[in-house]
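S.K.: Each protein sequence line maps, in turn, to chains A and B.
First residue of the first sequence? That's 1 in full-length UniProt numbering, and the numbers climb one at a time after it.
First residue of the second sequence? That's 1 in full-length UniProt numbering, and the numbers climb one at a time after it.
Calculated from the structure, these hints are not laboratory results.
Keep in mind that a hint or two might mislead.
Said to hold, decoys possible - To spell it out: a stretch of chain A is covered by chain B in this simulated footprint if at least three of its residues, at any positions, have a beta carbon under 8 Å from a beta carbon of chain B; those stretches are: (1) 53-66; (2) 106-115; (3) 232-241.
Claimed, not checked - Estimated spans, in silico, between C-beta atoms of each pair: (4) B/A34 - A/D159: 57 to 63 Å; (5) B/L228 - A/T344: 52 to 58 Å; (6) A/E23 - B/L228: 18 to 24 Å; (7) A/E291 - B/A22: 39 to 45 Å; (8) B/A22 - A/T344: 55 to 61 Å.
None of these values were measured; they are calculated from a predicted model.
Every residue, glycine too, gets a C-beta built ideally from N, C-alpha and C.
What follows is each chain in one-letter form.
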Amino acid sequence: MVTQPQSDGFVVFDHVQKSYDGETLVVKDLNLSIGKGEFLTMLGPSGSGKTTCLMMLAGFETATHGDILLDGRPINTVPPHKRGIGMVFQNYALFPHMTVGENLAFPLEVRGMGKSERETKVKRALDMVKMYDFINRRPAQLSGGQQQRIALARALVFDPSLVLMDEPLGALDKQLREHMQFEIKHLHESLGITVVYVTHDQSEALTMSDRVAVFNDGRIQQLAPPNELYERPDNAFVAQFIGENNKLEGVIEEISGDKAKVRLATGELIAATPVNVTQKGEKTLVSIRPERIEFKPEMMPEGAYMIDAEVLEFIYMGDLFRTRLRVAGHDDFVIKSRNTQGQTMLRPGEKIKIGWAPADARALQP
Amino acid sequence: MSNSDTAPEILRTVDGQPLKEALTRASRSARIRAFLLVLPLLVFVLLTFVVPIGQMLSRSVVDEKFSENMLQLGAWFAENDSLIPDEAAYAALVADLKVASAQRSAGNVGTRINYELPGTRSMFTSAARRADEMAPPFKEAMLAQDPKWARPDLWAAMRSASAAATLNFYQAALDRQIGADGTFEAAPENVQIYVKLFIRTFVLSVVITGLCLLLGFPIAHLLATLPLRYASLLMILVLLPFWTSLLVRTTSWMVLLQGQGVINDLLVWAGIVGDDGRLEMMYNQTGTIIAMTHILLPFMILPLYSVMKTIPPSYARAARSLGATSWTTFRRIYLPQTVSGIGAGGILCFILAVGYYITPALVGGADGTLISNQIAFHMQKSLNWSLAAALAAMLLASVLVLYWAYDRMVGIDNMKLG
C-alpha cells in the first residue's frame, strides 16, 4: 500500500536546518512532504539527524532555519502541548505513579473532557490494543510488550491525526518486536492516521512503511517505497545500509543509456546498470545483493556475466545458506541461497562460477 | 521429578540430610565472617553512642542527690503520708543534715531541692553547718534557724526527691512546678519557657525546611538536567559549604547581617534605607533562619538531586505531547515523582534544624535561640543535667514520632538519600 506524496503534504519540512552549537549542522537542508494517512519511516544510523527531525516535529526542539508545516499551518512557534501530535517514546515514558487507566485518561483530562466521555475513550483505546483487563495496574507491573501497547494506546486515545514513534520497539525481543510491527501497521491502516516512525532497524523500516527516508549525515539520502529502496538504491550509502550488499570496485569502461561495462581492479569485465555514474573512466562501486547471485549454470539469468569464485566459508542459517566467496580479490563476497529441497551445499575450497543479471548489478558513485 | 501423588516430604540433600540443616551449615561460615566484620563498628557504636546516650537519658528520670544522702528523712516519708511534718520528721531531717555536713554533701542535697524551689539551696547548707549544735525539740530549732522550713511546698519537694526515680524533670520541662499543696501546677507565666521554646523550635524548623525546599528544588532540578560539565561545577558550589567550617560560615553571616555589616551598608549606600533605619537581621529569628537555611541547604539539595537524576526527561516530554501545559506537567507528572526526595530532604533538614545548636547560639540572640541552646545551658551553666536530659529526651521523642508519622504516610522505603 503506497500512498503517493501530495504536493500539499500533511506534514511538510521546508528547507529545515538544525544546529545545536552554531558550528555544525545536525540537519542540513531537509525537505520532506508527508501525505495524510502515510506511514513514513526515518531510517538511519545514530547521529544521522532522524531523531532531531522527529523532536522538531514534536516541538521539543526548534528549527534553526526553515519551516515545519502541519496541515498547511506553520508550527515552528506552536508549543508542543498545542500541536495535538501523539507520540510514543523509546522507553514508553508511562507515568510510573499512575495506573494504566490514569495514564490514558491524562491527555483527555488536560483537554477538560468529562468523566464519562473519558471512560468511554479510555476503554476504546485499551480494547484496541487488547489491554482493558490491565486498566488498574501500574506500569511497573507490566512486561515490556504490555507497556508498549499501553504507550501506543495513550498516544492514540485523544484521536491525534499524526502519531510520532521514536524507536518504540527498540527494547523488545525479536519475536515480540515482529509481532508489534504487525500490530502497529494494522492500527495505522484501520485508523487512517499519519505515522512518522523513527528507527535504525532497516528490516523494521522495510516491513512497516509506505515510504522510507534514509538519513545520513543530516541529509535524506533516499526517499522511496521499501521495494524501490532495496532494489534500486540511489547511492552507495543506501545500498550498504539497507540489507546485505556486495561491493566491487572498478572503472567504467563503456557506458550507454542504462547499460555499462565495468573493468574491475583485478581485470575482469562485468556488466552493470549505471545509477549515478555518467562518464567513461569514472571510478565506481558496483553493488549486488547476495540473493540475486546465481551459481548453478542451469539457473543463470539471461545476459549474465560469469565470474570465477572460490568458496571460503559455508554457513547454515536454517532458512538460508550463506556462502562467503573470494571474488575478484575480495574475500568478503557473500551469496545467499534458499534452503530448498535438493539445494547445493557448497564446500570450502570449491571453485565455482557465479553470475547475475546486469539489472541487479548497480554501478554507483563510490 | 518426584511423583506428585506422594505426601509432601521434607526435602533432603542427595546423601539424606534435611535440606534446611544443610543450608544453615553451608551459610554459617559466611554469616560468622560477616558478623566479625561488623563487630568493631558494633562495639564502637555501643560504647560511644548507645551507652552514653542511654546514661544521659536515664538521668532525666533518676536523681539520687537527695535520696542517697537523706536516708532517715526518706524513711519517715515512707511511713507517713502526712504533708505536715511532725517532730519526728524534723529529727530525721536534722540527723540527715548532720551526716550530710560530715560528708560535705549538703550542697548536693540543696541543689536537688533548689531545682524545684529556687533559692532553697542555702537553707540546706546553712542548716547543715548548725546541725551539730541543734538540740531537741528539733522543729523549734529548725524554725529558729529559718522559718521557711515550715513551708509545705518545701516538704512536698523533699518528699518527691526522697525517691531516686522521678518525673519532676519532665514536669519542669513542661513548665510545671510543685504547688503549695504538693501537686503540680502550671508555673507562673513569667517563668514558662520550655513549652514556648519547643514550639518556637518546631516552627522555626518548619520555616527553615520550607525555605530549603523552595531554594533547593530549582537548584536540584538544574543539577539533574544540566550537561555534566556544568552540573559538576554547580555541584562543587553546592558542596563548598560542606567543606567549610560551620563556625566560619556562621561568622561570615554575622559579618554580612550585622547592623554595620555588608548588607546594611549596601542598602544605606543605595539609599534604600536610611542610616538610622538599618535592618535588624541578627540576634533575632531572622538571623537564625537565614544562617540555618544556608547551612542546611545541601541536605535538601542532595536527596532531591539523587531522585531527580532518575527521572528521565521523556516523562515531561510525553506529558507535553499529550497536551499538558508546562505547569500541569510539573504539578501532575514531575512533582509527584520527586516526593520521595522531598520527604527525605525535608525530614533530614527538619531533624537537623530541631537539634541545631551553634548557629542559633551565635546569631540567634534572645528570641532566635532554640531548645538545644537551653539544653546546653543546663549542661554547662546551671548544671541541672537531669533537666537537660529530660528536654533532650522530649526532643528525641518528638523526632521519633515525626519519623513514625512519615513512615506511615510516605513510607520510609521510599526515602532516597543518595
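S.K.: What are the numbers of the hints the structure violates, in ascending order?
M.R.: 3, 7
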